[in-house]
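Student: Listed here are the chains, written in short residue letters.
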Amino acid sequence: MLKNRRLTPNMVLLVIAILLILFPMLSGNKYYLRTITTLAIAIVLTSGFRLIALTGQLSIAQAAFMGVGAYCSTLLIMNLGWNSWICFFLAGFAAALTAGIVGFITLRIKEIYFAIATLALNELFRLIWVEWDTLFGGPAGIVNIPSPDPILGIHFGSVVSFYYIAVLLLFSATAMMLRIERSRIGLIFSSIREFDTLAASLGVNLIWEKVKAFMIACFFAGMAGALYAHLQHFISPVDFTLMDSVMFLLYGVIGGLESVWGPAVGCTVMIFIPVGLRLIPNYNPVIEPIIFGGILILVMRFCPGGLVGLFQKLVSDLKKTESQKGEQEHAAA
Amino acid sequence: MTLQMFVQSLINSILSGGVLILIAMGLTIILGIMKVVNFAHGEFYMLGGFGIWWFFAEHGLNFVLALILSVTLVGILGVAIERGLFKPFRENAFPSLIISCGILLVFRAATQLSFGLVDHAVPTPEAFKGMIQVSGAFLSKERLIVICITLALIIGLYVFIKFTKAGLAMRAVSDNPAAASLQGMSVDRISSLAFFIGSVLAATAGCLTGPIFYVSPTMGAEPGLMAFVVIVLGGIGSITGTVIAGLIIGFIEGFGAIPFGTNYATVMVYVVLLITLIFKPMGLLGHAEK
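Keeping their order, the protein sequence lines are chains D and W.
Under the numbering used here, the residue at position 216 of the first sequence is numbered 216, and the numbers go up by one with no gaps.
Under the numbering used here, the residue at position 12 of the second sequence is numbered 12, and the numbers go up by one with no gaps.
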């Protein structure tokens, strides 16, 4: 019991951080490095989705905001030759600005309207990228996106360097989300979800707070998008579709939206399931959505708290039986 | 724009608007009565299309028989999904939305797995073949017949909801489920009825457009999404709003497609939606929630 108590979440986080930093030195397998890089990007996006969900809204356009960041950074670098690190942040700001404008239009009303409006927004962006081919390259996308500019003589271009950038982004995004959630702003966000009328009567500006959550989430989505563009050296409208947005929702829900760990757990499990399945010979990837959708339905139906919720429930059940046992022994003695 | 082009665009607009209304009506009824957001609604449309392809094109059944068979099967499937999956999440929009995303993934992939990711052609039934010439424009009989059936269904549904006892019960449950069940209405049965009607309408739309367009596992994606745009634009819960919004979107798509291309026409639809939401946040005919 004592040992268990010492294992605080912060320590787990530290261990994971050290493992992630050491991983490239332990294993040179580029396939796994790339998978973890994509995983980090997915976790950043899913955490954003969760932050919006904290205010009681579902955004099904996170992939589109990732695309806004990716296209913004790519165009600034390739057409105007700006420094890629500045563009990296500008990508975040562009996505946040877009989110702000859309948020003020659609977040004034409750729930469903916003979810559907974001759905439409994702399609709107995709169509603009497809149709405006002189600027965005049309359905063929933009190729030959350069690697990030070197800083202090360090060149970025290898799989390992992208891995570290992604891990850095993951940590800064997660730290930021944790700070927000444990601060006053986090309380305000949850108060909106729990009872918005009451929150408003206590002086919470509902629209502005919801827009704020949406903008912060999309800021990180935009940065993750810019990183994705550099990583792939190629972007096209197919990378940021509605289905991708649905996937972030799926990752978040399967992991559990109640806990900060949810997005990370959900993304890790759901990204490594296909990796494992592909080892099976004669495997048909068409079956993947069936598995994903099936897991989503089962999780929603039987443990709405997601995998993290399930784990917490098991742990508390275990503790309960242990303490009951202890009490019984105590009584017997 | 010549008169001929005008007439043809008009027919195409009414056709696409009518099909959208058919899909969106079911969606708005389900949303109104059960407060369930069904993202998988477009998949009922797709399954209807596959039903007509399977029974009519592959197994040579009579078109009307194939239509009835496929529509009934999809309706039963809809009720099964309502009973099995959506029932615990009634009055709870978000969990139902998430679960419907899962259903969507499963349906789309399962059809793709069974029938492949190719377009399947459904031949035009004999009775629908031929052309009619109206002021220089050649209109296919098929499209006109589909428009007539669609209009008849929409009017029928409207009459059903406004003037029959079951329709009254549906409106009562959508207004206040607790009070309705205190008056002896079975919320369970009304919900199943709503889901049945909704999935039947979507499947009918799929059956009717099957011979005009192609049948493919992803055919439900676009109309399914557009149906949501229709109900948000018209105002959730408003049948009249759904009809008006469906026609508006049909006309934007039908008339916008010629000068700008179909993709830009779709962009225009979304822009119209966002602009409408700025001025009328609850949609054209929507009213604030109590």
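No wet-lab data here; the hints were simulated from the structure.
Possibly wrong hints are sitting among the right ones.
Partial chain D-side listing against chain W, Cβ under 7 Å, derived [stated by the list, open to error]: (1) GLU111; (2) GLU181; (3) GLY293.
Dumping the calculated EDC-like pairs for lysine to aspartate or glutamate here, alpha-carbon to alpha-carbon at most 20 Å [stated by the list, open to error]: (4) LYS162/W to GLU142/W; (5) LYS162/W to ASP175/W; (6) LYS280/W to GLU111/D; (7) LYS35/W to GLU194/D; (8) LYS35/W to ASP317/D; (9) LYS35/W to ASP133/D; (10) LYS165/W to ASP175/W.
All C-beta atoms, glycine included, are put in the ideal place defined by N, C-alpha and C.
Student: For the pair we were handed, LYS162/W and ASP175/W, check the Cα-Cα distance against 20 Å.
Tutor: Status holds; Cα separation ~14 Å.
Student: Next pair to validate is LYS162/W with GLU142/W; report whether the Cα-Cα distance is within 20 Å.
Tutor: violated, 30 Å
Student: Under 7 Å, Cβ to Cβ, is where GLU181/D needs to be relative to chain W, so tell me if that hint holds or is violated.
Tutor: violated, 19 Å
Student: Is it true that the CA of LYS165/W sits at most 20 Å from the CA of ASP175/W?
Tutor: holds, 15 Å
Student: Hold the hint about GLY293/D up to the distance rule: shortest CB distance to chain W must be less than 7 Å.
Tutor: holds, 3 Å
Student: For LYS35/W and ASP317/D, compute the direct alpha-carbon distance and say whether it is at most 20 Å.
Tutor: Violated, because 34 Å separates the two Cα atoms, which is more than 20 Å.
Student: With a cut-off of 20 Å on the C-alpha distance, tell me whether LYS35/W and ASP133/D pass.
Tutor: Status violated; Cα separation ~40 Å.
Student: May I ask you to test the interface hint for GLU111/D with respect to chain W, counting a Cβ-Cβ separation under 7 Å as satisfied?
Tutor: Since chain W brings a Cβ to about 6 Å from GLU111/D, closer than 7 Å, the hint holds.
Student: Mind checking the alpha carbons of LYS35/W and GLU194/D for me, to see if they're no more than 20 Å apart?
Tutor: holds, 19 Å
Student: Does the structure keep LYS280/W and GLU111/D at a Cα separation of 20 Å or less?
Tutor: The given pair, whose Cα atoms are some 16 Å apart, holds under the 20 Å limit.
Checked against the numbered hints above, the structure breaks hints 2, 4, 8, 9 and satisfies the rest.
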